[in-house]
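J.: Here's the letter readout for the chains.
Protein chains: 2
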Amino acid sequence: MTIELHCFGESGNSYKAALALELSGLPWEPVFVDFFGGAARTDDFRGFNPMAEAPVLVDGDVTLSQSGAIQQYITDKTGKFGGRPEDKYEVLRWVLWDNHKMSSQAGMTRFLINFLPEKHRPPEVIAFMQGRLKAAYQTLESHLEGRDWLVGDGLTNADISCCSYLYYPEPFGFDRAAWPHIDAWLSRISAVPGWKHPYDLMPGRPSDRT
Amino acid sequence: MTIELHCFGESGNSYKAALALELSGLPWEPVFVDFFGGAARTDDFRGFNPMAEAPVLVDGDVTLSQSGAIQQYITDKTGKFGGRPEDKYEVLRWVLWDNHKMSSQAGMTRFLINFLPEKHRPPEVIAFMQGRLKAAYQTLESHLEGRDWLVGDGLTNADISCCSYLYYPEPFGFDRAAWPHIDAWLSRISAVPGWKHPYDLMPGRPSDRT
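Residue numbers (the UniProt record's numbering), protein chains in the order written: chain E, 1 to 210; chain S, 1 to 210.
Hints were generated in silico from the structure; no laboratory data involved. Incorrect hints may appear among the rest.
Pairs count within a copy or across copies, as identical chains cannot be separated in the list.
To be verified - Straight-line alpha carbon distances no greater than 27 Å define the calculated BS3-like cross-link-like pairs of lysine-lysine that follow:
1) K119 - K80
2) K119 - K196
3) K119 - K77
4) K80 - K196
5) K119 - K134
6) K134 - K80
7) K77 - K88
8) K134 - K77
9) K88 - K196
Please read these numbers as outputs of a predicted model, since none were measured by experiment.
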């Protein structure tokens, strides 16, 4: 049975789930959520996912949102990306850190800068968030010094979660060249066989709306 | 062996771990992190936890940060707060949602309003965050309608995570009376035998610094 992932290309959170599905080898297909057209805010979608967010995975009777929970589901189903047994908490720790300190703020900042009409953009909020994000990039950069992967010796959910917003072309303050260890790590992830860019993996990209 | 939790009273993220430890019955003791005195930013602490954050759990050879990872560790050790087996992903989903959409923003907003010198307070950022938080309270309020607990029929890590910032007396825009289902749920959690308020469970409170 083909797994459905309700998602859209601009969503880094969707990308975490889509990339994990793609690299896992599970049969899956994206179902476009017209987020910018308001689809996630309709009563129908809220009935489906009261958190009113993407991605949502549907696998037979299972309906699940929150990318980190979907990643864990894929790991339990395939045995992939969970790391070694002794790395379980370390992988979870980085997935939580990403949700807490990085993706949540990167996603919002990228949205404010790129997807909100210019007259509605709050410059103070953007500057504040970019300051917080810089601290997050620094944490990641320091951790990756001397390491190929965030946890253990291979790709795990920690990498899939933390990399998600960093491949997008729209500017939000992340300058890949300024962070050499992050840069090398992103190249390492995108060299994994089967890797695809978010806009090649999911429907929906900014140029569709212009 | 007594588990150490490096924490401080004002930290809702520390509270998640402290409350789980306290209610689990495990032997534990708090170790004060003088966060407002800069302790989490010293090289010593960064060596201990490169994410430069509290809480940090130390249990023999295990050193672990990120409250959600610590909560999972306590669940694996005691069998408590994980919910029924079929609720595994739903509990994880709410823990991630809390880290992503609620605690991260509530903690920051409460910090900006209460713990930052008045001249450094960014009013635009505070207003923006309070708008985002209102949407989070609404998600929680809607989900709790007709439910006693966030997941299943008893206290789980989902409740322990999501409630953490909502017991604090310092104002940050959460008006408990305005959200009747959240209000009743918070009363339900605080009626659990052994429950303690954050300032009664961990050292450090605002009045220590005035």
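J.: Could you place K134 and K80 in one of the four classes (within, between, both, neither) given a Cα distance threshold of 27 Å?
T.: neither (31 Å within a copy, 37 Å between copies)
J.: Is it within a copy, between copies, both, or neither that the alpha carbon of K88 lies no farther than 27 Å from that of K196?
T.: within (26 Å within a copy, 30 Å between copies)
J.: Under a CA distance limit of 27 Å, which applies to K80 and K196: within one copy, between copies, both, or neither?
T.: within (18 Å within a copy, 40 Å between copies)
J.: Up to 27 Å between alpha-carbons, please classify K119 paired with K80: within, between, both or neither.
T.: neither (45 Å within a copy, 50 Å between copies)
J.: Which holds for K134 with K77 at a C-alpha limit of 27 Å: within a copy, between copies, both or neither?
T.: The answer is neither: 35 Å in one copy and 36 Å across copies each exceed 27 Å.
J.: Check K119 against K196 for me: Cα-Cα at most 27 Å, and say if that holds within a copy, between copies, both or neither.
T.: Neither, since 34 Å and 47 Å both go past 27 Å.
J.: Have a look at K119 and K134 and pick one of within, between, both or neither, based on CA distance no larger than 27 Å.
T.: both (25 Å within a copy, 23 Å between copies)
J.: With identical chains treated as interchangeable, where does the CA-CA distance between K119 and K77 reach 27 Å or less: within a copy, between copies, both, or neither?
T.: neither (46 Å within a copy, 52 Å between copies)
J.: Quick one: K77 to K88, C-alpha cut-off 27 Å, is that within a copy, between copies, both, or neither?
T.: both (16 Å within a copy, 14 Å between copies)
Violation of the numbered hints given earlier is confined to hints 1, 2, 3, 6 and 8; the remaining hints are satisfied by the structure.
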